[in-house]
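**Student:** Protein chains in written order, with full-length UniProt numbering: chain P, 1 to 415; chain G, 1 to 415.
In short, the hints are calculated from the structure, not lab data. Please note that a few of the clues may not be correct.
[Unchecked claim] Example chain G residues on the side facing chain P (calculated, C-beta under 10 Å, incomplete):
| # | residue |
| --- | --- |
| 1 | F43 |
| 2 | G45 |
| 3 | N47 |
| 4 | R75 |
| 5 | P186 |
| 6 | W205 |
| 7 | G223 |
| 8 | H230 |
| 9 | D240 |
| 10 | F266 |
[Stated by the list, open to error] Some chain P residues near chain G, calculated using beta-carbon distances under 8 Å:
| # | residue |
| --- | --- |
| 11 | D185 |
| 12 | L191 |
| 13 | V194 |
| 14 | P203 |
| 15 | G207 |
| 16 | Q220 |
| 17 | L224 |
| 18 | L231 |
| 19 | M232 |
| 20 | M239 |
| 21 | F243 |
| 22 | G244 |
| 23 | R245 |
| 24 | A262 |
| 25 | A263 |
All values derive from a computational prediction rather than experimental measurement. Beta carbons: idealized from backbone N, C-alpha and C, even for Gly.
Number of protein chains: 2
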Amino acid sequence: MSRTRTPVGRQVESGVIDLGDHQFESGKRIPNLEVAYEAYGEFTGQNAVLVCHGLTGSQHVAGYGDESGVSGQARAWWSDIVGPGKAIDTNEYYVVCVNVPGSCYGTSGPASEGPDGEPWGTDFPPVTVADWTRAQRRLLDSLGVGRLHAVVGGSVGGMNALDWAVRYPDDVARLVVVASAARLDPQCLGLDAVARRAITTDPNWNGGDYYGDDHPNPEQGLGLARQLGHLMYLSKDSMDRKFGRRSAGRGGRGDAYPADPAAVFFPYREVESYLDYQAEKFTDRFDANSYLYLTRAMDDFDLAEGYESDAAALAAFEGEALLVSFTGDWHFTTDQSESLAGAFRRVGIPVAHHVVESDHGHDAFLVEPEKVGPPLADFVAEGVAGRAVTDTATDGGEPDTDTDFAPVHSSLFSR
Amino acid sequence: MSRTRTPVGRQVESGVIDLGDHQFESGKRIPNLEVAYEAYGEFTGQNAVLVCHGLTGSQHVAGYGDESGVSGQARAWWSDIVGPGKAIDTNEYYVVCVNVPGSCYGTSGPASEGPDGEPWGTDFPPVTVADWTRAQRRLLDSLGVGRLHAVVGGSVGGMNALDWAVRYPDDVARLVVVASAARLDPQCLGLDAVARRAITTDPNWNGGDYYGDDHPNPEQGLGLARQLGHLMYLSKDSMDRKFGRRSAGRGGRGDAYPADPAAVFFPYREVESYLDYQAEKFTDRFDANSYLYLTRAMDDFDLAEGYESDAAALAAFEGEALLVSFTGDWHFTTDQSESLAGAFRRVGIPVAHHVVESDHGHDAFLVEPEKVGPPLADFVAEGVAGRAVTDTATDGGEPDTDTDFAPVHSSLFSR
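Chain P with its partners taken away, still in its complex shape:
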């Protein structure tokens, strides 16, 4: 708890709750599932908003709270959107964010202590998006929160939000899915597989048993995985603008990633310097096994699993939905969101697919709050009728793909 640090009107509650025995989707159980969460604002009974974090995010969604020991994206990762007076206004809503099982920010995962007093490692049960949702449901129960005013998620957090609509269709009034999809495409599955391979082929990974002072961490593998992640989050355009082919100077290579002797003839480029910096920052804050667990959960998620179609999976949901996508995002494309919008439409669920023109790539949902905030605020307050909310199917029919989506592609590839 860190209420003492926050000014009046900025109520925040940071905690870890032991939910006791928990059975995972795989059938495996653990005797004590601990779940770390952060909650902002005051609960009035009808104003709870669950925010679902992305792959390497944490419960620290807003810019205040207990952030001791966290850094990078784990720290206040969406404070431009969530906070007092922000799009998701913590003066009005009771915002809860829960670190998902399998992660490493306080919730049980491979790095936490198992029954034998040693870290679980890869003996921790496999984790799916459904496990995240069910753990969140149990955590909210323990906080006395029943029905949610809204569930909001970005990236794989959007998959988590979608899973709420399938698993607990009566518990959610408004669903916000930002820069996400009903499932990953095989290109992203392939990149994730290579990222995991980089970790598991790092000798320091040691079958997942690398905890403790006497073992080095698989930093090289985890660093490579993170670099691939960053390449997936950026677009050709944003990389052109950020780095071009500029040199960061010769001999400036980070010690963590030694280059070979023949390399010094060539420039160390800004793009490489950026990737090396990101790798170093990340290996300081994230657990390699968690990266394996969470990417597998993401890859495995398929909205239609157990149903005949995406639409059938969503049919029982009685709320409204907002999908936000970004034209420069090739990780979770605008086309994928449009396909998802079609599934909502087919079963008569009020949905708006709000397309944001951006060349920022997948990162846009984090770095362009001025474009994301208004539709999000208005939707959470008023649903699909919200003023700043736009929709690709203005008359409820098929979207005009030619005009709506041409910019996606030209912004992705024009130089």
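Following the hints, put chain G in place on chain P, whose structure we already have.
**Tutor:** Chain G only, in chain P's frame:
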């Protein structure tokens, strides 16, 4: 030499020529540059065609010749295009293909023997595309070939071909640049940097000194690098078609790439199985140091280097040029080829930019010979006036990007 193996009319010459002392662009010298080449057909004095291979290709461009000890893409990598009666007809042209310095198919590179009798390793001089061109020039001199009827290259081989037009502008009548660009964009630079990092952080890489029976090869790192390469060569569409999200069955993982225990709950997908298979095949046939050397040469290539612009670099070239690009290629995009075509046009060089509608990704130049062959054959025979040659600027003015290039993008990202 392997003339004995080939039937009449299929003359082929495989050999390695020692060009003696050679100075590289870096200023470093080696006492004996050996260059492996293959030549098909009969030289008549005016009919020589140089084909430049891609990153991991070899001199074995056509489907006959001495292929002992080579496999994969190194073996007859363009036999659908080069051969008797093919688009580049070896009954008509004397086709020469040269393994580039830094590679590992007989031409000097890091794996070849240095002056001390040991493999060079990373003491081999850094290699640039200019070094490839200059070595090819010296090899052709030794074969008695002066002016070339054509230089043809795909992918980084296209950069090699462009370098010919800059470095030896009087020596080339017709230039063919397939699926290439004036330079790599930062997204591809980033992916290549990660691939190299995977090799140099493999402990078995050992600073580049892993040759001999008592050292294991850095197979894990090289395998990861190759997997990233394959992801760059495919498109979202081609991956959707080839793999979808289909499972290849549980427990089918290759031994070379052990997964962690918690992974077995999840399917081993076809995309992962394909990537693992490609990695295994590749590590059997390619040298890890060569992969470092050749990707650095590719990343370093910039057509405009030493000039004010791409156009200025090309200005002395007096031949004609054909650029072929593929709408589904995100490694070397149609936009990049169009920009290159603009450079030729600005200095008045006859050029045709032939865009092939394809969703095959970068691989298209290898796997769609029925689309590549006709424009290539007609251009080599008749120049830009060739019947099957199309051009984005039909009236010599600016191309109509809206109509010509919209399909690029929609085919890349539509599901």
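**Student:** Tell me the numbers of any earlier hints that the structure contravenes, in ascending order.
**Tutor:** 1, 2, 3, 4, 19
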